[in-house]
Amino acid sequence: MTGLTFAIALALSLLAIGYVLRPLLDSRPMPIVPDDDRLTELLARKDSVMTAIKDLEFDYRLGKLTEADYQRYDQRLRRQAIAYMKQIEAIAPESTEMDATLEAEVARRRKTNAAGAPRPPETILLCPDCHQPIDATHKFCPHCGASVTPDNRIPSTDNATQTLENRLNPSHLSK
Amino acid sequence: MIFDVGYLILITAMLLAAFGVIAGFWGGKRQNTRLIESSYHAVYAVCALVALAAIILWYGLLGNHFELLYVWNHSERALETFYKFTALWGGQAGSLLFWVLILSVFATIVAAQNRIGHRALMPYVNATMLGSGLFFLVLLVFAENPFARVGFIPADGQGLNPLLQNYWMVIHPVMLYLGYVGLAVPFAFAMAALISRKLDNDWVRSVRRWTLIPWMFLSVGIIMGSQWAYMELGWGGYWAWDPVENASFLPWLTGTAFLHSIIIQEQRGILKVWNIVLIFVTYFLVILGTFTTRSGIIESVHAFARSEVGIFFLIFLSLVLFSFLWLLYTRMPLLRNEQQIDSLRSREAAFLANNWLFTGIAFATLWGTFFPMFSEILTGNKISVAAPFFNMVNGPLFLLLVMLMGIGPLLGWRDTSRAALRRQFTWPTLFALLIGGIALIWGRNVFAALGLLVSAFALGTIVQEYVRGLRARRATTGEGYFSAMGNLWQRNGRRYGGYLVHLGIVCIGVAIVGNEFYQQTTYVTVARGEVVEIGGFALEYTGLETVTQPNRDEVSANINIYSAGADGTRRSLGSVTPTRNIYFKTPDMPTSEVGLRMTPVQDVYVLMNGWQDGGATATFTIYINPLTMWLWLGGIILVLGTVICTLPNPAQRRAVIVERVAYAAGD
Numbered sequence: 001m002t003g004l005t006f007a008i009a010l011a012l013s014l015l016a017i018g019y020v021l022r023p024l025l026d027s028r029p030m031p032i033v034p035d036d037d038r039l040t041e042l043l044a045r046k047d048s049v050m051t052a053i054k055d056l057e058f059d060y061r062l063g064k065l066t067e068a069d070y071q072r073y074d075q076r077l078r079r080q081a082i083a084y085m086k087q088i089e090a091i092a093p094e095s096t097e098m099d100a101t102l103e104a105e106v107a108r109r110r111k112t113n114a115a116g117a118p119r120p121p122e123t124i125l126l127c128p129d130c131h132q133p134i135d136a137t138h139k140f141c142p143h144c145g146a147s148v149t150p151d152n153r154i155p156s157t158d159n160a161t162q163t164l165e166n167r168l169n170p171s172h173l174s175k
Numbered sequence: 001m002i003f004d005v006g007y008l009i010l011i012t013a014m015l016l017a018a019f020g021v022i023a024g025f026w027g028g029k030r031q032n033t034r035l036i037e038s039s040y041h042a043v044y045a046v047c048a049l050v051a052l053a054a055i056i057l058w059y060g061l062l063g064n065h066f067e068l069l070y071v072w073n074h075s076e077r078a079l080e081t082f083y084k085f086t087a088l089w090g091g092q093a094g095s096l097l098f099w100v101l102i103l104s105v106f107a108t109i110v111a112a113q114n115r116i117g118h119r120a121l122m123p124y125v126n127a128t129m130l131g132s133g134l135f136f137l138v139l140l141v142f143a144e145n146p147f148a149r150v151g152f153i154p155a156d157g158q159g160l161n162p163l164l165q166n167y168w169m170v171i172h173p174v175m176l177y178l179g180y181v182g183l184a185v186p187f188a189f190a191m192a193a194l195i196s197r198k199l200d201n202d203w204v205r206s207v208r209r210w211t212l213i214p215w216m217f218l219s220v221g222i223i224m225g226s227q228w229a230y231m232e233l234g235w236g237g238y239w240a241w242d243p244v245e246n247a248s249f250l251p252w253l254t255g256t257a258f259l260h261s262i263i264i265q266e267q268r269g270i271l272k273v274w275n276i277v278l279i280f281v282t283y284f285l286v287i288l289g290t291f292t293t294r295s296g297i298i299e300s301v302h303a304f305a306r307s308e309v310g311i312f313f314l315i316f317l318s319l320v321l322f323s324f325l326w327l328l329y330t331r332m333p334l335l336r337n338e339q340q341i342d343s344l345r346s347r348e349a350a351f352l353a354n355n356w357l358f359t360g361i362a363f364a365t366l367w368g369t370f371f372p373m374f375s376e377i378l379t380g381n382k383i384s385v386a387a388p389f390f391n392m393v394n395g396p397l398f399l400l401l402v403m404l405m406g407i408g409p410l411l412g413w414r415d416t417s418r419a420a421l422r423r424q425f426t427w428p429t430l431f432a433l434l435i436g437g438i439a440l441i442w443g444r445n446v447f448a449a450l451g452l453l454v455s456a457f458a459l460g461t462i463v464q465e466y467v468r469g470l471r472a473r474r475a476t477t478g479e480g481y482f483s484a485m486g487n488l489w490q491r492n493g494r495r496y497g498g499y500l501v502h503l504g505i506v507c508i509g510v511a512i513v514g515n516e517f518y519q520q521t522t523y524v525t526v527a528r529g530e531v532v533e534i535g536g537f538a539l540e541y542t543g544l545e546t547v548t549q550p551n552r553d554e555v556s557a558n559i560n561i562y563s564a565g566a567d568g569t570r571r572s573l574g575s576v577t578p579t580r581n582i583y584f585k586t587p588d589m590p591t592s593e594v595g596l597r598m599t600p601v602q603d604v605y606v607l608m609n610g611w612q613d614g615g616a617t618a619t620f621t622i623y624i625n626p627l628t629m630w631l632w633l634g635g636i637i638l639v640l641g642t643v644i645c646t647l648p649n650p651a652q653r654r655a656v657i658v659e660r661v662a663y664a665a666g667d
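First to last, the protein sequences are chains A and B. 46 is the number that this note's numbering gives to position 46 of the first sequence; each next residue is one higher, with no gaps. 665 is the number that this note's numbering gives to position 665 of the second sequence; each next residue is one higher, with no gaps.
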């Protein structure tokens, strides 16, 4: 091995070592690492329960569950989701508002009424029969099967009436 | 000179990997952000150094630097440039370097993807990934230096193993390595969860794609290896339960079980111990498989790599095993099930049965693979275990598994009522009985009929699920069939992509039944112009042709194929050219290219065993292999299904965005 070889290898090695050790040599104050990932866990659990609610609804539509079983498990899951959402609101109120804002913004950007104009972000459409949230493209309510037309669906502009249970239902976002 | 640089930077990479392991573990334990940040830098730096070392070795291969022992042993001037490039993984040292290169790249991707998220886990993930890399770097530095010298400059190299001068044997190791190494990522997350005691579902959610995609590559690698065996080894089959084949199959079995089982943990919070153990066993089997292939401890047709690395592997495997057992024992209280399995008529119960079946097959395969070694160690006599043992034990278990593949999707979460069971099972069961009955009457083989019956049942389930899913979507939205299908894949990709993967497995199962139970074969010597009939075909040998390539002679026989009608009529179906390659550097190691006519119904497969009197006569082994093409088609369907499973779901994307912003706002 020649001196030049050793010098090249040493230079590359020192470069790599310097890069790895650089954070240790940083004189700035060390940032505080929060040791509580509770919020992340709650958000993830809520997301899992929401997915489970959708899967359960889909399985019901495919005939894998009876009406009684579907209602029983659906209520159980919704209670779980509400409990998680309350815990999330207690830790980080901004996150739930953000969730609703984001969902409303997504809905607003979609074409949602017969005239083609985007509806106001705070407007949710409800089934004329069971009053569950639906999407503007639905021709039949995914909950009760009632026929839905642009004339008979109910727009809800009152956020105060938008209960936690209604916010659980993601179907008003699905196409 | 540059090759000395290559070796020295491997040493640096090894030292930085060791430092990164310590920084990750200590930083995570003390919540020291500087050490944690340093562990990230170690991941990136090791990747850069290993990549540079690989580039230097490629330079040696492509530049014909035969003063390097590795280049001298695995290349030659006349070798095509493509094979010089792929010779990097043609031998022991190069393939170990390739292993750690892929591992470093994956570690870098994981670290970059998780700069913000998973703060509790990532220090330990970095440490575990670097720990795996450290092991292979220790091998390269102390036992298998890819930059070792010959001592003089030879005029030419010894050439690449003729068996490896083949398209499939180039791609097959790459696919296997991507699969093997990729499965180290979910293992790293599992170890991070154990060490940090964060055994909620966070680690499980993180690893879904990192399990699915390596699993896909491993599946493709296994199928490609089978295709190579089918095309090159010339015995009419594609799987011989060879120890090295088993070495790749074992982690596939436990990895598949893990892939399914984590769905249950996400949904119901159960099977936590199963999942931790399954991913550990998968990783352990990956290292064991690499050890089996590399150490030569078990003789097989693949055992072209023998070295001194065995003891290193044994030490590493022991360290990993005892560390895991200690962690599992101390964390067991955190792995209790959150809920229970409510009913045997539930999807959860089906997944649990799935775990047991896969584990059973893996255990039987492991036992059969290592029994000869243990018998030799304990008694001095090596008792070989061949295909009949594996077929007899694993065959019925696979049958049950395919049946479960059909049953599972028909069950609901938590429980399935009798009325729902009747509604779900009727059509697939009727279809299965119809196909099984036809197979029994036509083929007169009970086992084959049983195999086709369960395959038909699984197929019936898949078709029913798709039909009902499309109907459900169209009933709600009024969209067309193509839109509904597209939305099923995008919004329920995990479910409907999974069904496609199952369809791929069904196709593979059908191919196996066809090849195992309905194959016909003959061994014959024919003169020029003579015709031999088999399985409704007439094959005419017309003569030999020799083509000289830079490093070999290709001797090809021309065989015209005709359909042989009962009334003696013949219709031309084309021709095939089985070939023997005789390499100048290794004339005692000729390779074969099979003459193959492939259709969905059956393959005409011709192997040239030899010739006499300059080709006046020639000897052939001819196989008629029904349904074998479905094995390769099944692989393509499996890949398509996996891609669909990994498609991002719009709702999940939104949830991730909200989670990240909320996390930042909450801090």
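FYI, nobody ran anything at the bench for these hints, they're computed from the structure. Here the structure is a predicted model, which means the values were calculated and not measured. Keep in mind that a hint or two might mislead.
For the chain B half of the interface with chain A, some residues (derived, Cβ under 7 Å), not all of them [as the list claims (entries may be wrong)]:
| id | residue |
| --- | --- |
| 1 | L49 |
| 2 | D200 |
| 3 | A472 |
All residues carry an ideal CB built from backbone N, CA and C; glycine is no exception.
Consistency of the hints with the structure:
At a threshold of 7 Å, the smallest CB-CB gap from L49/B to chain A is about 6 Å, leaving the interface hint in force. With a cut of 7 Å, the hint placing D200/B at the interface with chain A holds, because the nearest CB-to-CB distance is about 6 Å. Hint on A472/B holds. Least Cβ distance to chain A is approximately 4 Å, under the 7 Å limit.
Hint violations for this structure: none, all hints satisfied.
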